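Undergrad: One-letter residues, chain by chain:
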Amino acid sequence: MPPLLQAHKLSIGYGGRPLLSDIDLSIEAGDWWGVVGPNGAGKTTLMKTLLGIIPALRGQIERRPGLSFGYVPQRGVIDDIFPLPALDVVVMGRYPRIGPCRPVTRADRDLALRYMERVGIAHLARKPFRSLSGGQKQRTLIARGLVPEPDVLVLDEPTDGMDLAGETGIMELISDLQRGSGRTLLMISHSLNLVANHAKRLMLINGDEGVFRTGMTDELLNGKTLEETYHLSVEVHSFAGRRFLFAHGSKDTKGKE
Amino acid sequence: MDFLRSVPILSDLLLVERNGMTFLDALPILQNGILAGVVVAFVSAFLGVYVILKRIVFVSAAISQISSLGVACAFLVAVFFGHHASEVKSQFLSGPGLTSVVFACVAAIFLARQVSEKRITRESILGIGYLLPAGLTLLVLDLLSAEAHAIEDILFGNSVFVSVDQLRVQVVTAVAVLLIHLLLYKEFIFTSLDPETATACGMRTKLYNRILLLTIAFTISVSIMSIGALPVFAFMVVPASAALTLTERLWNAFLLSVVFGVSAALAGFYLSFVFSLPTGPAMLTTAGFFLIPGGLRTLVQRWRLS
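Going line by line, the protein sequences match chains A and B. The numbers in our numbering rise by one with no breaks, and the one at position 188 of the first sequence is 634. The numbers in our numbering rise by one with no breaks, and the one at position 205 of the second sequence is 221.
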């Protein structure tokens, strides 16, 4: 099987200013990628470039013909001024499939409801999106990302700003969804501990240092690569089948602040 | 007409007399103005929901100023080539009307672009887009002082006496705009709510955003020549704001906004006749009353939460 998506000598950035260059990347069907790196490292910029939201500065992105994406943005990007029930927000995921000038059918709404049920929020279908809690909004956006039944689902910081229960619930949901469908997942996260225990593959990014590494999570999660990416001494321990990461402070405080 | 006279409350309202003429008697003279007001209110109040939701209130203000500059420029060029203001006014659709629409549409396409420059904000660009055309229009009016009355008549509209041609253009514009919105409702809503996700899912977000702004620009430029810039701006902002404070359903917001807009146009027109008030400001003030229920609802909700 050819890869779903390949990037060759890709250069990403805004306004003609490159943030990261010479990126080579290949994403296969069924992969679960964690995209990690410090703040401002270029994680979201890379994902937006791969999705076609912003143009690449240089290089090539080859997508398999007919490849479809679902995107779950950070929940804060949805403006609460819109008076929309949660179901209407989820159904929007079907709009590109329905096409312009065609109405939303009952089948589209039923499918949206099924995905709401799948993420555990079917009972909130008629509630205004803006009145939902952070976790409920995130689940609504995940359902919207799934409803076009895309080949690749991209999640941008799905647990950002959540408490422990919310974070655990969302990560369990994402794990279940990936196991159940074999769908390709790309998840941006600040939380290395979360990604370390779920993603099979990693993209380690630090645009400031020109760091872009990809590989299996087992191979990349070691003190050396993490120090190179974060400029921190990081210990990786395993206990009861789970990985735990501990940071020990900056390695080069001079000139980094 | 006899039937209207027999309806109890309606007859009292219609038979109110002003300067020796009842409202009912004046209707044949005023009907084009009333119809134009209703059509403008209908389509502007509908589009106003997008204007509020997309937080582009000042885009519509800037477009109306740039559109006005288009009218003034048409007169300036015509007078430069030796034509009289009355000739320009009589060839309205091929002259000032056309330049007004072209200026508004070019402005809409420019304003649809996302500004990524950090040194100048979108608000600054909109402020410049509002102030510069306003200043230039006033300069043109000063230069063409002999034609100023004819230009002002088009720029600020004359809600009372609207020509049949102008009314026809207004109706055709409204029908075309509403048809586009009916066909592309899904696309406009998704790309307005979450443009990045819409783009990621394969929608042509920039194209839909441009079409949406062009429908707003077209409506503004045609409408300000019927009823004036102030009431058009008011119908774009006030009914939609009032509606959005009252409902949790988007379609209800569109419906309420249109009902508020049309009611304000009719009531404003009637009150302007009865109390000899200028029509545009009367419609604007009447529209303002529809903000009261939403304001009260918000107060009650806050009181319950406290």
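It is worth saying that the hints were derived from the structure and are not from the lab. Don't take each hint at face value.
To be verified - Listed below are the simulated SDA-like cross-link pairs for lysine to any residue, each with C-alpha atoms no more than 25 Å apart in a straight line:
| hint | chain 1 | residue 1 | chain 2 | residue 2 |
| --- | --- | --- | --- | --- |
| 1 | B | Lys222 | A | Arg510 |
| 2 | B | Lys222 | A | Gly505 |
| 3 | B | Lys222 | A | Gly687 |
| 4 | B | Lys222 | A | Ile527 |
| 5 | A | Lys455 | B | Leu262 |
| 6 | B | Lys222 | A | Lys646 |
| 7 | A | Lys455 | B | Thr263 |
| 8 | B | Lys222 | A | Arg509 |
| 9 | B | Lys222 | A | Lys573 |
| 10 | A | Lys455 | B | Leu266 |
| 11 | A | Lys573 | B | Ile141 |
| 12 | A | Lys573 | A | Asp526 |
| 13 | A | Lys646 | B | Trp267 |
| 14 | A | Lys646 | A | Arg463 |
| 15 | B | Lys222 | A | Arg548 |
For clarity, every value in this text was computed on a predicted model and none was experimentally measured.
Undergrad: So, for every hint listed, does it hold in this structure?
TA: Results for each hint:
no.	hint	verdict
1	B:Lys222 with A:Arg510	24 Å, holds
2	B:Lys222 with A:Gly505	23 Å, holds
3	B:Lys222 with A:Gly687	47 Å, violated
4	B:Lys222 with A:Ile527	21 Å, holds
5	A:Lys455 with B:Leu262	53 Å, violated
6	B:Lys222 with A:Lys646	36 Å, violated
7	A:Lys455 with B:Thr263	50 Å, violated
8	B:Lys222 with A:Arg509	21 Å, holds
9	B:Lys222 with A:Lys573	30 Å, violated
10	A:Lys455 with B:Leu266	45 Å, violated
11	A:Lys573 with B:Ile141	38 Å, violated
12	A:Lys573 with A:Asp526	13 Å, holds
13	A:Lys646 with B:Trp267	44 Å, violated
14	A:Lys646 with A:Arg463	32 Å, violated
15	B:Lys222 with A:Arg548	20 Å, holds
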